[in-house]
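2 protein chains.
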Amino acid sequence: MEWILASASPRRKELLGALVKQFDIIPAKGEEILCTGLAPDEQVRLLAKNKAQEVASLPQAQGKAVLGADTIVVLDGEILGKPKDERDAERMLLSLSGRTHEVYTGVCIVYPTEDGKKCICEADCTKVTFETLSKAQIKAYVATGSPMDKAGAYGIQDGNLVRSIEGSMSNVIGLPIELCERMIRKAGI
Amino acid sequence: MEWILASASPRRKELLGALVKQFDIIPAKGEEILCTGLAPDEQVRLLAKNKAQEVASLPQAQGKAVLGADTIVVLDGEILGKPKDERDAERMLLSLSGRTHEVYTGVCIVYPTEDGKKCICEADCTKVTFETLSKAQIKAYVATGSPMDKAGAYGIQDGNLVRSIEGSMSNVIGLPIELCERMIRKAGI
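Residue numbers (our numbering), protein chains in the order written: chain H, 1 to 189; chain W, 1 to 189.
Where hints are given, some of them may not hold.
Any copy, or any two copies together, can satisfy a pair, since identical chains are not distinguished.
As the list claims (entries may be wrong) - Listed below are the simulated BS3-like cross-link pairs for lysine-lysine, each with C-alpha atoms no more than 30 Å apart in a straight line:
hint : residue 1 : residue 2
1    : K13       : K118
2    : K84       : K64
3    : K84       : K117
4    : K29       : K117
5    : K117      : K13
6    : K139      : K21
7    : K84       : K186
Note that these hints are calculated values from the structure, not bench results.
Quick caveat, the model's predicted, so the values are computed rather than measured.
I would like the entire structure built from these sequences, with the hints used as guidance.
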């Protein structure tokens, strides 16, 4: 099976590389529109499917498996997306400080079969507990620029933000490899 | 608010007309790809969102509300789509005869706000109990051609197939108007 990753994220590229030897990258361009009132796991499955299906419909994706993924951070039932600006990043990090939140990543694989395209769509959740961060620490971290393209304004790989996690680490980074492995096996591709 | 219906179905057009005075029709063209292992209500929300979002991304949809919908028929946990051919339609109708099944319609509305596009996505379920149909009745109904473009190979408006329903009738036809009304109110559009 030939593969396409429908994401521009260098972190997802690295993680998928652990599962699949070779793949092309064609980032989905569609707008990410969150839906009112959906449970977070369904929300990320929906967004992942939008991405995978958009890329799977391109001529150059015919006959290939396309993987889309989407990650959100949920604190007290509220979804934290990517920060709008540095102030927004500081606000998010302050709200996460010293507390436990959930990270959801949805994964969707659209793949060709003899009966036409099929699709498998799942989600994983990891609980993440932050260290108590000082305002100075937060300002210094935001100044690195790393928070700006990340849901919840942080990357778990960025250092000393996180006290503990419960669940998959790769899920927090943006692609749950254990789940992806099970999905690939289930789909038989 | 100006509206677009992202469906070519004349039945949905008629039903939406009861709620919204005027709207354009731009059918979504994307492939309908069912996902393995999802609950039926999530399945139809996903498909409805794919349709609404595809059309909402077109230049001529900017600033308008776009409604997408998808209907599936579920018997014993198995999804019955549109029949492939007349034999498939006969097989579906025979399996529905004398029994109760569920009809799910998902509705997704993508709409503009000051903070960008938002979306609301819900689903309704109706239980439908069929009359016991003879093979001759089934053959005669399939010969009318009506089953061929309908999930589960029947239209509830087509006559004497159904003994009773529990839930919304418009949901079975393809657009649950009571649910749509609540969604429009919730979104404040």
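If any of the earlier hints don't hold here, list their numbers in rising order. Per hint list: single violation, 6.
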